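Protein sequence lines, in the order shown, are assigned to chains A and B. So that you can map any letter, position 66 of the first sequence is 66 in our numbering, and since no number is skipped, the others follow by simple counting. So that you can map any letter, position 77 of the second sequence is 77 in our numbering, and since no number is skipped, the others follow by simple counting.
Treat the hints with care, since some could be wrong.
[Stated by the list, open to error] Straight line, CA to CA, 27 Å or less: simulated DSSO-like cross-link-like pairs of lysine-lysine:
1) K122(B) / K140(B)
2) K13(A) / K2(B)
3) K91(B) / K2(B)
4) K12(A) / K2(B)
Simulated from the structure, these hints should not be mistaken for lab results. It should be emphasised that the depicted structure is a prediction, and the values quoted were computed from it without experimental measurement.
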Amino acid sequence: MVPPGLEERSVKKFVVGFVTGSLVLAVCVLGYLRLGLANVAADAPAPESETRWMLSSVHASIRHTVPAGLKDPLPVDDARLIAGGKLYLNDCVGCHGAPGKPPSNFGATFYPPAPQLARDGTQYSEAEIYWVAKHGIRRTGMSAQGPYYSEEKLWLLAEFIHDISNLPPQVRAGIEEKAGK
Amino acid sequence: MKTFLLGFFVAWFVLPTAVLAYFRVGFGDTQSDANPPPWETSVMQSAVHASVRRSAAGIQAPPPENIDEAMVAGGELYLNGCAGCHGAPGKLGEDHSSYPRVPQLPQVGTQYSQAEMYWIIKHGIRNTAMSAYGPFYSDKELWALTSFLRQIDRLPPGVLERIQAKKAADGATK
Numbered sequence: 001m002v003p004p005g006l007e008e009r010s011v012k013k014f015v016v017g018f019v020t021g022s023l024v025l026a027v028c029v030l031g032y033l034r035l036g037l038a039n040v041a042a043d044a045p046a047p048e049s050e051t052r053w054m055l056s057s058v059h060a061s062i063r064h065t066v067p068a069g070l071k072d073p074l075p076v077d078d079a080r081l082i083a084g085g086k087l088y089l090n091d092c093v094g095c096h097g098a099p100g101k102p103p104s105n106f107g108a109t110f111y112p113p114a115p116q117l118a119r120d121g122t123q124y125s126e127a128e129i130y131w132v133a134k135h136g137i138r139r140t141g142m143s144a145q146g147p148y149y150s151e152e153k154l155w156l157l158a159e160f161i162h163d164i165s166n167l168p169p170q171v172r173a174g175i176e177e178k179a180g181k
Numbered sequence: 001m002k003t004f005l006l007g008f009f010v011a012w013f014v015l016p017t018a019v020l021a022y023f024r025v026g027f028g029d030t031q032s033d034a035n036p037p038p039w040e041t042s043v044m045q046s047a048v049h050a051s052v053r054r055s056a057a058g059i060q061a062p063p064p065e066n067i068d069e070a071m072v073a074g075g076e077l078y079l080n081g082c083a084g085c086h087g088a089p090g091k092l093g094e095d096h097s098s099y100p101r102v103p104q105l106p107q108v109g110t111q112y113s114q115a116e117m118y119w120i121i122k123h124g125i126r127n128t129a130m131s132a133y134g135p136f137y138s139d140k141e142l143w144a145l146t147s148f149l150r151q152i153d154r155l156p157p158g159v160l161e162r163i164q165a166k167k168a169a170d171g172a173t174k
């Protein structure tokens, strides 16, 4: 036999416990940060699980934010890939690495480290790359390039970066020719 | 009491899971050209300050052989390596759009001690655009930089001119 009123009393106790637990947890987290116990060195290794969770979260957020139907207004062709490659060689290689060259040492000194696009390519769609280049990624070294690039240039870059690990030979040659000048 | 404890521990399990899931599903904001709520910025900033203070606690600035020369040498390193983002005296840096925003040091100066600055330049700050410069500067150069940074928003008269002259001379010989 359950005495009358017991169930209600236990629910209340559970809720009080839950709220107390939440408050204590929040105080612990804030205290941990406030006491300086979180390591902020960019050159200290972070646990792989943390890095994976963070990278997935960033990609998820970008998928979530990029408007559906955002699309490159012009079709990709070799000339546009070469133009995008030239922009990339001017402004992005310092951190993200150049095609056919060893990865960027400088990019590796950030945390999170700059992805080595030339070596590893990217899983982001063209629209996502466009959006990242334009708006940047908070709490990383990736600043928003929107103020410095026209819409057209942003799309050229997105096209190039999307194909960066899979460039046709004539595009590769075209970029090197342009870069040599 | 048992029910209270149950509620307590359920909170410790449910809340972190909910937070991780919230971000994992993509509800977090990522764009660096929009500001997060001010409370977040202030919590993060104080966490960084506190952590740097703790990490740099054991480091001692070596007594400079010549503080004046160290300041000029550090100033040249600053103009060559840091001013692009952090701004030169009288000129804003170009990186206005990473988040957290890059402090414009010639305007705002710094509250960090020399040992703390040494630590920051050497190790960088995680989850910011401040990368670790340990691989690129010698210890002597790092300390010279801190001698300059300590006074960057109130340089003694003549120092900036000497730095610029040194930079021009070194540029010419290279």
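Honestly, which of those hints from before does the structure not fit?
3
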